[in-house]
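Protein chains: 2
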Amino acid sequence: MRDVAVIGVGCTEFGEHWGTSFRDLFVKAGALALEDAGVTGEKIDALYVGNMSAGRFVEQEHIGALIADYAGLATNHVPSTRVEAACASGGLAFRQAVIAVASGMEDIVVAAGVEKMTDVGTGASVDMLASAADREWEGFAGATFPGLYAMIANDYMHRYPLTREQLAQVAVKNHENGARNPIAQFQNRITVDTVLNSSLVADPLRLFDCSPITDGAAAVVVVPLDRAREFTDSPVRVLASAQASDTIALHDRRDISTMDATVAAGKRAFAQSGLAHKDIDMVEVHDCFTIAEICAIEDLGFCKKGEAGKLTADGVTALNGDIPVNTSGGLKACGHPVGATGIKQIYEIVSQLRGEAGARQVDAEIGMAHNVGGTGATVVVHILGA
Amino acid sequence: MRDVAVIGVGCTEFGEHWGTSFRDLFVKAGALALEDAGVTGEKIDALYVGNMSAGRFVEQEHIGALIADYAGLATNHVPSTRVEAACASGGLAFRQAVIAVASGMEDIVVAAGVEKMTDVGTGASVDMLASAADREWEGFAGATFPGLYAMIANDYMHRYPLTREQLAQVAVKNHENGARNPIAQFQNRITVDTVLNSSLVADPLRLFDCSPITDGAAAVVVVPLDRAREFTDSPVRVLASAQASDTIALHDRRDISTMDATVAAGKRAFAQSGLAHKDIDMVEVHDCFTIAEICAIEDLGFCKKGEAGKLTADGVTALNGDIPVNTSGGLKACGHPVGATGIKQIYEIVSQLRGEAGARQVDAEIGMAHNVGGTGATVVVHILGA
Numbered sequence: 001m002r003d004v005a006v007i008g009v010g011c012t013e014f015g016e017h018w019g020t021s022f023r024d025l026f027v028k029a030g031a032l033a034l035e036d037a038g039v040t041g042e043k044i045d046a047l048y049v050g051n052m053s054a055g056r057f058v059e060q061e062h063i064g065a066l067i068a069d070y071a072g073l074a075t076n077h078v079p080s081t082r083v084e085a086a087c088a089s090g091g092l093a094f095r096q097a098v099i100a101v102a103s104g105m106e107d108i109v110v111a112a113g114v115e116k117m118t119d120v121g122t123g124a125s126v127d128m129l130a131s132a133a134d135r136e137w138e139g140f141a142g143a144t145f146p147g148l149y150a151m152i153a154n155d156y157m158h159r160y161p162l163t164r165e166q167l168a169q170v171a172v173k174n175h176e177n178g179a180r181n182p183i184a185q186f187q188n189r190i191t192v193d194t195v196l197n198s199s200l201v202a203d204p205l206r207l208f209d210c211s212p213i214t215d216g217a218a219a220v221v222v223v224p225l226d227r228a229r230e231f232t233d234s235p236v237r238v239l240a241s242a243q244a245s246d247t248i249a250l251h252d253r254r255d256i257s258t259m260d261a262t263v264a265a266g267k268r269a270f271a272q273s274g275l276a277h278k279d280i281d282m283v284e285v286h287d288c289f290t291i292a293e294i295c296a297i298e299d300l301g302f303c304k305k306g307e308a309g310k311l312t313a314d315g316v317t318a319l320n321g322d323i324p325v326n327t328s329g330g331l332k333a334c335g336h337p338v339g340a341t342g343i344k345q346i347y348e349i350v351s352q353l354r355g356e357a358g359a360r361q362v363d364a365e366i367g368m369a370h371n372v373g374g375t376g377a378t379v380v381v382h383i384l385g386a
Numbered sequence: 001m002r003d004v005a006v007i008g009v010g011c012t013e014f015g016e017h018w019g020t021s022f023r024d025l026f027v028k029a030g031a032l033a034l035e036d037a038g039v040t041g042e043k044i045d046a047l048y049v050g051n052m053s054a055g056r057f058v059e060q061e062h063i064g065a066l067i068a069d070y071a072g073l074a075t076n077h078v079p080s081t082r083v084e085a086a087c088a089s090g091g092l093a094f095r096q097a098v099i100a101v102a103s104g105m106e107d108i109v110v111a112a113g114v115e116k117m118t119d120v121g122t123g124a125s126v127d128m129l130a131s132a133a134d135r136e137w138e139g140f141a142g143a144t145f146p147g148l149y150a151m152i153a154n155d156y157m158h159r160y161p162l163t164r165e166q167l168a169q170v171a172v173k174n175h176e177n178g179a180r181n182p183i184a185q186f187q188n189r190i191t192v193d194t195v196l197n198s199s200l201v202a203d204p205l206r207l208f209d210c211s212p213i214t215d216g217a218a219a220v221v222v223v224p225l226d227r228a229r230e231f232t233d234s235p236v237r238v239l240a241s242a243q244a245s246d247t248i249a250l251h252d253r254r255d256i257s258t259m260d261a262t263v264a265a266g267k268r269a270f271a272q273s274g275l276a277h278k279d280i281d282m283v284e285v286h287d288c289f290t291i292a293e294i295c296a297i298e299d300l301g302f303c304k305k306g307e308a309g310k311l312t313a314d315g316v317t318a319l320n321g322d323i324p325v326n327t328s329g330g331l332k333a334c335g336h337p338v339g340a341t342g343i344k345q346i347y348e349i350v351s352q353l354r355g356e357a358g359a360r361q362v363d364a365e366i367g368m369a370h371n372v373g374g375t376g377a378t379v380v381v382h383i384l385g386a
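In order, the protein sequence lines correspond to chains A and B.
Numbering-wise, the UniProt record's numbering puts 366 at position 366 of the first sequence, and it's gapless, one number per residue.
Numbering-wise, the UniProt record's numbering puts 289 at position 289 of the second sequence, and it's gapless, one number per residue.
Looking at chain A on its own, in the form it has when it is part of the complex:
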């Protein structure tokens, strides 16, 4: 297997793009990534696109071909493949691109993610997102994602010492980071009171515990490491690419407060890279809800079970902390266009490792991305190094 490097990244602003179509969102992100990589379209060997549910959000399947076409790659008949794993679709698309280059089958590959969620109403969106859980045993019984993560939060808070204020601090920190990120959907700072006084969504989760409905797209370009210097002076190496599955339904898990797929994918990524936790300088985790960030920090092994709330309250995961988490603002503040999120995490890590993260810059040479589908039925973990 060949070593793989990222040579370019691009991302649209995340938000409610009423005037921009699904296909235009992608084209913008792709063009930014190609420009950043200094690669022209005719050199691209393959495309992998992460997308959760364009079939339901915009009544369009066959996303790979659509995007190859609108990106101007149909002329060369460039292979283009859509990958779907609910909210982990982006991370998986990146992983497939890495595998394609590592195999020697392709040289210059674009991995992208896109979702256009605001063409339908919020109620419809929530139902569409519920198709990431077990439709027959969860969705038909009325469970939505806020409800499922509320069950995780209740179970967690019953068993471990996590206060409501500590949980709110996850959102406060992520909004602080989002305020420093020009592509973030929410660039406003909030306080613990903002979270505690926001409307209840599914007890104990309130509005500011939840990531928003977002339109957006992100793209990155990967090549064999030994060709990276043809394109850039600052390639970012892919040190590990790991993926794990778990039961689709929450009620079938061994323990609903521990994402075993996160534990498994994290261990595999550390084993692949030969790195230890102390080597990781920053982490982008999948904070679709505040409780998800708490669980992720622990399940990836950055602290013991039950300690992540205090860690967050103590500022350890803040921009200036020992292990900055979600410097992009995370899903909470940067926004969560479900298929694009996993690629945006790679975008953020590459920006940080290159020292191009502006007001949210941290001192980092190695970063980790953690992307989750559903309530943890798919988890993808990548480690990147400058």
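Bear in mind the hints are in silico, worked out from the structure with no lab data behind them.
There's no promise every hint is true.
For identical chains, the list gives no copy identity; a pair is met inside one copy or between any two copies.
[To be verified] Listed below are the simulated SDA-like cross-link pairs for lysine to any residue, each with C-alpha atoms no more than 20 Å apart in a straight line: (1) 43 / 268; (2) 304 / 75; (3) 278 / 307; (4) 305 / 13; (5) 305 / 365; (6) 278 / 304; (7) 305 / 119.
With chain A fixed as given, assemble chain B onto it according to the hints.
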């Protein structure tokens, strides 16, 4: 890159499975493939699943995880990835499995395809299938797949010498083959008159020119060639895996009667394998409509443009002809559960190359599979050898 071999295949009966759920269909095909390969679940390293539109057909996304779970692979947290390219989803899932093994990243990988189409009405199905075309520029204008392929047929018949009777002969041949295939949806023989007297769907295409709405699943197991003999005495080698894209909308093509993506993927597959047309003993092509088989035979280079109608009428593509096409019965008679079709093609070729095709057995050492998404925006071509 490592050489890759297929060591096991499984397929459900194709048809209207009112009493079997989406997940049960897959589990059945997967179990058959594992039994055939002599592999137990705990040895599987990864899973790739082709599925077009479970999000719309059964309101379920996150298919990779769902299937890993119901196949009993969640316990080991086996990575599972859904791949979507409309009706080419199965072929692409096989290709991703081949890449994963070729890369050295995984050893024992299952590639599967599944679609459960009869949980919604036929009208809804037709609309869902239209999401494989350009929704904004074709679907919203009222174009359905029969309509799009009728345009291809009209253009083709205007320019090339193809009679209505020759076109019907494609369906007659495929029903003859389907009658010899125990998994086929339609096992009845028909005549040219059956086709010509069937109801008009979209002029000139009649009911018996169209593949049906089908439920079904298929699965195959791939491993590195150098490990294949651990599992089977009759491994089937993957000699080529090629993929190409084209514009999603038919009206943007250079020529609507020639699928340039088929031409490109076919040439790439021949180049990869070092084989010539005379080396290919049988072909499974994507006959979603009779006209599609005519175009495929020509665009893959088995005859010149305009000759495939006569070739078919002369029996060259029949079971006992020089180049048997769609020995399985094709999409027309075997049925077309859209995400499963590409894997069923591999199933058929492996069955033939092993000499296990029963009443439809042909003399074949090398076979080709041709799987199309939409009206040719994605094409996947594989060559397999005994």
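Results of checking the hints against the structure:
1. 43 / 268: between (33 Å within a copy, 17 Å between copies)
2. 304 / 75: Neither: 53 Å inside a copy, 23 Å across copies.
3. 278 / 307: Within. Shortest intra-copy distance 17 Å satisfies the 20 Å Cα cut-off; inter-copy 67 Å does not.
4. 305 / 13: Result: close neither inside a copy nor across copies, 35 Å intra and 48 Å inter.
5. 305 / 365: Cα proximity of residue 305 and residue 365: none, with 27 Å in one copy and 57 Å across.
6. 278 / 304: For residue 278 and residue 304, only the intra-copy Cα distance (14 Å) is at most 20 Å; the inter-copy one is 64 Å.
7. 305 / 119: This pair counts as neither: shortest intra-copy Cα distance 40 Å, inter-copy 43 Å.
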